[in-house]
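Chemist: Chain by chain, the residues run as shown.
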Amino acid sequence: MERVLKTPISESEVRNLRAGDVFYLTGLLVTARDEAHRKILERGSPIPLEGLAIFHCGPVVQKKGAEWEVVAAGPTTSARMELFEADFLRRFKPRVIVGKGGMGEKTLEALSEVGAVYAHFTGGAGVLAAQAIKRVREVHWLEELGIPEAIWVFEVEKFGPLVVAMDSHGRSLYKDLSAQVEKNMEAIRARIRGK
Amino acid sequence: MELVESLAEALARASTILPEEVVQALRKARDEEEGPARVQLEAILKNVEMAKAGKLPICQDTGTPTFFVRFGVDFPKLEELLEAIPEAVRRATKAVPLRPNTVHPFSGKNPGDNTGRFVPAVTWEPVPGKDVEIHILPKGGGSENCCALKMLAPGVGLRGVKEAVVEHVVSCGGLPCPPTIVGVGIGGGADLAMKLGKLALLRPLGARHPEPEVAALEKELEELINASGVGPMGLGGKTTVLAVHVEYAHRHPASLPLGIVIQCWAHRRATVRIASDGSITVSQ
Chain A
1 MERVLKTPIS ESEVRNLRAG DVFYLTGLLV TARDEAHRKI LERGSPIPLE GLAIFHCGPV
61 VQKKGAEWEV VAAGPTTSAR MELFEADFLR RFKPRVIVGK GGMGEKTLEA LSEVGAVYAH
121 FTGGAGVLAA QAIKRVREVH WLEELGIPEA IWVFEVEKFG PLVVAMDSHG RSLYKDLSAQ
181 VEKNMEAIRA RIRGK
Chain B
1001 MELVESLAEA LARASTILPE EVVQALRKAR DEEEGPARVQ LEAILKNVEM AKAGKLPICQ
1061 DTGTPTFFVR FGVDFPKLEE LLEAIPEAVR RATKAVPLRP NTVHPFSGKN PGDNTGRFVP
1121 AVTWEPVPGK DVEIHILPKG GGSENCCALK MLAPGVGLRG VKEAVVEHVV SCGGLPCPPT
1181 IVGVGIGGGA DLAMKLGKLA LLRPLGARHP EPEVAALEKE LEELINASGV GPMGLGGKTT
1241 VLAVHVEYAH RHPASLPLGI VIQCWAHRRA TVRIASDGSI TVSQ
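Quick mapping for you: the protein sequence lines, in order, are chains A and B. Okay, so the first sequence: first residue is 1 according to the numbering used here, each after it adds one. Okay, so the second sequence: first residue is 1001 according to the numbering used here, each after it adds one.
It is possible that part of the hints are untrue.
What the hints assert, rightly or not - With a straight-line Cα cutoff of 25 Å, these simulated SDA-like cross-link-like pairs (lysine to any residue) come out:
hint, chain 1, residue 1, chain 2, residue 2
1, B, K1055, A, Q131
2, B, K1094, A, K175
3, A, K6, B, K1046
4, A, K64, B, E1163
5, B, K1055, A, K6
6, A, K175, B, S1279
7, B, K1238, A, Q62
8, A, K63, A, E157
9, B, K1052, A, Y24
10, B, K1109, A, D34
11, B, K1052, A, K175
Rather than coming from a laboratory, the hints here were simulated on the basis of the structure.
Based on the sequences and whatever the hints tell you, model everything.
Modeler: Structure representation (structure tokens):
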């Protein structure tokens, strides 16, 4: 059975999610990359973000008449947003951060404190993402930031699969995994040296 | 088909259709995985199908188009080919569409058509005869950022080469969008080692090097890297690499250059062949 979360998402819904869970998102998904994070922290957000989902993404879009159409919209590397995300979470309280590659300690702490999760979307799966985006509701700061960095507000339906990679209870799949990989590497090094 | 049209068609196909043997390797990996790893591979395969059906770019990063040309020294239309390559890139950028990915390193300006100074990058290799073989490899930024050159001390030997490759690929974790394809270049000089790593990617996936010793190294590196548990997208699992391909050149006695080229799961590739009668074919 597919688990679907609808925005606005409440704190209790998010606290029910555990690292490793898979879910889909319906509602509002708002893109923000490096520049958007920096500028929102400086001047405030052009739309209320509480309960919504943030997407680390620079989409490929085309204008068809008056409407924007999303061609491909996979995630970008989230690590770059580590500089901003903890402050961002505390101030604007989005409940889900969508990206790829994972984030660091500061974000993990803020996720626990605020009640939010970091969800991984498959890198490179730009068409799969685009087909779940039903409409571009609005775009902010397009002229100033350009297409990839602008703030795109997408209406999405069953956007996913999203894997909860960092939950609101301090658990991170990346942290668990890097400890396991380091252990495996000890055996691999011994194998190489023994041969 | 005329030359420009064939080259543009090949770049469009490379950007929207994943070669069949790569799809097969991804399916095999999906069948062997469970949990988050399986979820990733299922999403990848669904995305690949949708891109093919809709003639859409597989990934929003449509990469830098890179060309490798093996041309017969008696091929009569070399000048036409020189001009056809950048023209085909301009055409495909509009037609597919591809993301304009060439940026001036000083001014930040983007010409908007995927061409620029030394771009598209073309490697020319003259061979006897009249035939021409052009390989196209559009390569994304995320995986290119994970490429590395190591100048090893020759004393570390083949064992040191293995260790350096495994350590590097594993340290990249999920960044290059695994399961990846790794091209390894051993020997030559600093530039040649990197070039050999890239040339190694042109071989069909899993086709082993003809020399048994090199083929054995490829297989061993695959097993060692996959034992790390990094897995698809760095979320854990059995498949970190789909394949490792190795090429080598003779080296200087004092140097052991090692080029490590990482390619994301979207191993986009196409080939244009011009036969001696002038007929052109596009294949993947």
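Chemist: Hint by hint, say whether it matches the structure.
Modeler: Here's how the hints hold up against the structure:
1. B:K1055 <-> A:Q131: 14 Å, holds
2. B:K1094 <-> A:K175: 42 Å, violated
3. A:K6 <-> B:K1046: Distance ~23 Å between K6 of chain A and K1046 of chain B Cα, so the pair holds.
4. A:K64 <-> B:E1163: Violated. K64 of chain A to E1163 of chain B sits at ~52 Å, over the 25 Å cutoff.
5. B:K1055 <-> A:K6: Answer violated: K1055 of chain B to K6 of chain A is near 31 Å, above 25 Å.
6. A:K175 <-> B:S1279: At roughly 55 Å apart (the allowed maximum being 25 Å), S1279 of chain B and K175 of chain A break the hint.
7. B:K1238 <-> A:Q62: Violated, at about 38 Å.
8. A:K63 <-> A:E157: Status holds; Cα separation ~21 Å.
9. B:K1052 <-> A:Y24: 24 Å, holds
10. B:K1109 <-> A:D34: 19 Å, holds
11. B:K1052 <-> A:K175: Given pair K1052 of chain B, K175 of chain A is violated - Cα atoms ~36 Å apart, limit 25 Å.
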